[in-house]
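Asker: Listed below are the residues making up each chain.
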Amino acid sequence: ATLCFQAFLQMCNLPIRVVCRANAEYMSPSGKLPFIHVGNQVVSELGPIVQFVKAKGHSLSDGLDEVQKAEMKAYMELVNNMLLTAELYLQWCDDATVEEITHPRYGSPYPWPLNRILSYQKQWEVRRKMKAIGWAGKTLDQVLEDVDQCCQALSQRLGTQPYFFNKQPTELDALVFGHLFTILTTQLTTDELSEKVKNYSNLTAFCRRIEQQYFEGHDKDSSATVTARSAKRSLLR
Amino acid sequence: MAAPMELSCWGGDWGLPSLHPESLTVMAYAKFSGAPLTVNAINNSWRAPKAGVPVLISEDIVISQPAKILNFLRKQKYNADYQLSAKQGADTLAYIALLEEKLLPALLHTFWVEAENYCSVTKPWFASRIPFPLSLYLPGKMSREALNRIMLTRGGPPLYSLTEVEAQIYRDGKECLNLLSKRLGTFQFFFGDKPTTLDAFVFGFLAPIYKVCFPRVQLQEHLKQLPNLCRLCDDILTCYFRLTVSGHSPAGQDTADANLQKLTQLVNKESNLIEKMDDNLRKSPQHPPRKLTTLKLAAGGEESSPLNRLSP
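If you read the protein sequences in the order shown, they are chains U and V.
With the first letter of the first sequence counted as 1, position 145 gets the number 145 in full-length UniProt numbering; the numbers rise by one all the way through.
With the first letter of the second sequence counted as 1, position 24 gets the number 24 in full-length UniProt numbering; the numbers rise by one all the way through.
Honestly, the hints are just simulated from the structure, not real lab data.
There may be inaccurate statements among the hints.
Below, a list of computed lysine-lysine pairs in the BS3-like style, where the Cα atoms sit at most 30 Å apart [stated by the list, open to error]: (1) K211(V) / K54(U); (2) K182(V) / K131(U); (3) K182(V) / K138(U); (4) K194(V) / K182(V); (5) K69(U) / K182(V); (6) K138(U) / K194(V).
Facing chain U, from chain V, some residues (calculated, C-beta under 7 Å) [said to hold, decoys possible]: (7) L84; (8) K87; (9) A90; (10) L93; (11) Y95; (12) P139; (13) G140; (14) L179.
Think of the CB as a built atom: it goes at the ideal place given N, C-alpha and C, for glycine as much as any other residue.
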């Protein structure tokens, strides 16, 4: 999710500095990461940040007509609904991944026994949520199939265009980039999830293009990218 | 020939074939794709399934969620989306996700959590269709599950209390309705003039909000300000469910009448178009024919000469 924001802010040409903190979840006004700290204002989550940036005069989606804006919002919900939930499922409900990767990572800033307690608490929370939306009964294969369906839809929507709404990047591009890049670069017990994304060459080309255009071009931002990646690994949502 | 298929779902009222959004979605899709489904409304008998409704039973196969049921129908060659392009198929998925994320919490709240609505309408209606003593327990359980779902998916900080969450979910629900209305525009259905999966889902979610008479109706009032969405629901009800807008199913009418109605509308449209074309032709300047007519009055042998002059 950090990457979505960075990509979005880069696309708006707004300079940012990424900082890691162990208690970031508690500093955030909504408990969700990441959040931005501008002057004496603190804003978290993509929706409010987009509104905040728009109020300051920067917007990526002004060029879209009403129908396109509706489409953009619909696709953003699709990404949240499928990709985000699948990522959460894989991190917290797949036993192999949970044992080997998630528990150690989530608990790493804390001493024993706090690390175990906090990560079990988070796991219980996520599993409750999965049960409420009906994902608890899904097997890993079904989740991967859902991810595949989502990627197929995104790939078909993107087609051969450089961005989802042709020439200009929008919030949707930032969101999709953030999720897909994370899936492609994060190490898990299996590579099945990243393989699903790699099946769609226009999506991988899309990620590479945004990475080159908005992240590798700036020197100081390359160090920010590195800290962002390590932030991603130590501060799981 | 496909095996006979039976669908068990919650029944209807207030002019709808079913009150349950997921059941309505499946029924609408079956009508659009022409799938021969026998619909069994859940009643007071113990044998009817209560959990995981709607349920499709075909021979020995039992399928329970709308997405899976629709997939099964498509595999049986009942496909309402065959005319859609790949991009339109992708759009369908995206808009369904929008419905589930933004509209469903508000819908669940209106039916199951809003105290006045639940006590005066939802609970008595569902309890009357569930056998005793399950009718004392099951509606309460469904209400708790709805509240759980809303709080877990939308109730994170900084929204701690139910009233704050309520305000947010109704804002989201109204925004979703606005977005759908903008997307539908003046088209008859979302992808042209044939209904598809997306129309089935939108109908399934919108029709209960539109038709059920609740005491607290902020979502319904908002929906009624979007006439194209109301028109979509009414069209589907009259054309595919043979129910008039007032909710009565005329006796002895069969699908031939609905088809006849559609055909008459098409023919009327065509004849209007032809009339317009005729008007245009009559109004446009027509010098060459006048020359022909004046020459026709002259000797018959000269008729061929203007034609020769006119030909390139």
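Asker: Can you confirm whether the C-alpha distance between K211(V) and K54(U) stays at or below 30 Å?
Answerer: violated, 38 Å
Asker: Under the criterion of a CB-CB separation shorter than 7 Å, is Y95(V) in contact with chain U as hinted?
Answerer: Interface hint status for Y95(V): holds (5 Å vs cutoff 7 Å).
Asker: Mind checking the CB of P139(V) against every CB in chain U and telling me if the closest is under 7 Å?
Answerer: violated, 18 Å
Asker: Would the hint linking K182(V) and K131(U) be met if the CA-CA limit is 30 Å?
Answerer: Cα-Cα ~33 Å, so violated.
Asker: Let me know if the C-beta of K87(V) comes in closer than 7 Å to any C-beta of chain U, holds or violated.
Answerer: holds, 5 Å
Asker: Would the hint on A90(V) be counted as holding, given a Cβ-Cβ threshold of 7 Å to chain U?
Answerer: holds, 4 Å
Asker: What's the verdict on K69(U) and K182(V), does the C-alpha distance respect the 30 Å limit or exceed it?
Answerer: Between K69(U) and K182(V) the Cα gap is close to 9 Å, so the pair holds against 30 Å.
Asker: With the threshold set at 30 Å, check whether the alpha-carbon distance from K182(V) to K138(U) stays at or below it.
Answerer: Given that 30 Å is the threshold and the Cα spacing comes to 34 Å, the pair is violated.
Asker: Within a Cα-Cα threshold of 30 Å, do K194(V) and K182(V) meet the stated pairing?
Answerer: holds, 18 Å
Asker: With chain U as the partner, please determine if L179(V) meets the hint condition of a C-beta pair closer than 7 Å.
Answerer: holds, 4 Å
Asker: Is the hint on L84(V) kept, meaning its closest Cβ partner in chain U is under 7 Å away?
Answerer: violated, 11 Å
Asker: Would the stated hint for G140(V) survive a check requiring a Cβ distance to chain U of less than 7 Å?
Answerer: Not OK, violated: G140(V) not within 7 Å of chain U, min 17 Å.
Violated hints for the displayed structure, listed by number in ascending order: 1, 2, 3, 6, 7, 12 and 13.
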